[in-house]
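There are 2 protein chains.
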Amino acid sequence: MTESTLLRTRLTDLLGIRYPIVQAGMIWVSGGKLAAAVSNAGGLGLVGAGSMRPDTFREQVRKAKRLTDRPLGVNMPLFYKYSEEWVAIALEEGVDIFFMSGGSPAKYTPMLKERGCKVVQVVGTAKHARKSEAAGCDAVVAEGFEAGGHNSPEETTTMVLVPQVVDAVSIPVIAAGGIGDGRALAASLALGASGVQVGTRFAATTESSAHQAFKEAIVSAEEGQTRLLLKKVIPVRLLLNPFARQVMEAEASGASKEDLAELLGSGRARRAIHEGNLAEGEIEVGQVSGLIRDIRPAGDVIRAMLTEYEAAVKRLPAIT
Amino acid sequence: MTESTLLRTRLTDLLGIRYPIVQAGMIWVSGGKLAAAVSNAGGLGLVGAGSMRPDTFREQVRKAKRLTDRPLGVNMPLFYKYSEEWVAIALEEGVDIFFMSGGSPAKYTPMLKERGCKVVQVVGTAKHARKSEAAGCDAVVAEGFEAGGHNSPEETTTMVLVPQVVDAVSIPVIAAGGIGDGRALAASLALGASGVQVGTRFAATTESSAHQAFKEAIVSAEEGQTRLLLKKVIPVRLLLNPFARQVMEAEASGASKEDLAELLGSGRARRAIHEGNLAEGEIEVGQVSGLIRDIRPAGDVIRAMLTEYEAAVKRLPAIT
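Taken in order, these protein sequences are the chains called A and B.
The first sequence begins at 0 in numbering that gives the first Met the number 0 and counts up one residue at a time.
The second sequence begins at 0 in numbering that gives the first Met the number 0 and counts up one residue at a time.
What the hints contain is simulated information worked out from the structure, not anything from laboratory work.
Please note that a few of the clues may not be correct.
To be verified - The calculated BS3-like cross-link candidates involving lysine-lysine, where the alpha carbons are at most 30 Å apart (straight line), are: (1) B/Lys112 x B/Lys62; (2) A/Lys313 x B/Lys231; (3) A/Lys230 x B/Lys126; (4) B/Lys256 x A/Lys256; (5) B/Lys231 x B/Lys256; (6) B/Lys112 x B/Lys130; (7) A/Lys214 x B/Lys126; (8) B/Lys256 x A/Lys313.
Nothing here was measured: the structure is a model prediction, and the numbers come from that model.
Using the sequences plus the hints, can you model the full thing?
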């Protein structure tokens, strides 16, 4: 892979990027440094507003812009109290690619489209994808059950969700959930996606802002060690550490939404991802953690994905 | 697709079939008629012993053999009391391809291999795949969370499980769970699988032995309408009918294994699939039911999958 190679899809045309690989917005992980590294390597980096106060968010967007002159975006979980401020700041700082999750696409899309921005909505159902297209979104991220962090209660996996969403809308679809290498990139494009969004694999990079212990937890995670938990509160995929096992037990004995919210308390994700407290924090990672074996620079992740993609495509037999 | 076309992989070489498409063993669904139809169309049909008394099983194997001279196999869930008898009958009837699920691969594999049979084990983890390879199995089915019916408690999805299993063993891997069209076939091969096992899509065929009402339930199922339930008893993916919703509610309020076993009672799958009681029975279908829109002959399913496979592969962009 050289500076001039391209893997062209409808998504790369839409966003002006070289490879159809988007780095997911991840709280305590995707600051300006990671976003810029991904964009510099030809993907699309996103500054994830999720864990940031407005002033920190502005600082991280500026940092990313200082570190790259390639296309760059932001991700905003719309259920946070700062969403209004984040949108205003991003516009002030000249951001023109918005990935929105956890809220209605009708809220900001028309206004952002009027200002010439590209808007992409994260969805977990074809129904939500249709709503996003109707609201004027340029693309959707179809995020399957296997993804880390917050997730849809319908539990549809990437293998089923992506073709379902592709059949439901005519805008480009970005596959997410379970994608950490070039085999999964090839599989996603075969399902009809125009690109992929990659979370956990980028969380375990040198440029990720996460605590070293969190990155190492991804590397040492084996298969079957995550679960989608806290469905009565808000579904989230966690690595099975002592805290997550406590939640599992509480759920198995019928704990109510209120009990679970109390057990959860606040700041659990911060504790694991930012502070490295692997026993008490929420370790938000995807099932793909079982396939991740090292911490490496984000650019290396992208280059490896492209090499693996080529090998995977070459392996596909023709009908003779 | 003509009588002489091939989609060659390690799996087609192993089994002597034309297309790497295996029809899953499904209780009350996969009798001799369906198995023969799939084999006649170039895939591998399996007579599923699951719901059958020994004499019925013998009858269905004979029926399949009467209807096709192509390679044909059987599927046996090893936790049933008849497994010993089923194995003996299959051998007497000249069956030489065995798909085994829900039990230890060490139980029958050495004996079957000695008699020149091919043995394939259904697994939900890479660990189980390694055990199967060590026991002498010729291939494994890696069945993801999205699959219908009984399933692994680890909940790993097809997108993540298949590459995990491919990395763990050197025998061919058959992807299962969420696969009903040629896009998913292409995606599975891109992930490194040598073929696919297809359940729900074949349950909704004219040759399927299921009750017409069950087939129509698959066709009318929309996205997000199945759940993996009864995890405390034995995990099973069901369509959300009144019975399944009762289970969900019981589970949410902390019902014990015993409570759930009592609520389940016996013969629930028979009631839905064989008798067409869609309110009280267990409607065992996969998430892919949301993508199935018709009941058609099994041969048409295979031909459509091949056409869609070709289109999906052609769509994959090259790196330029």
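| request: Kindly indicate which numbered hints from before are broken by the structure, ordering the numbers from low to high. | output: The structure breaks hints 2 and 8; every other hint is satisfied.
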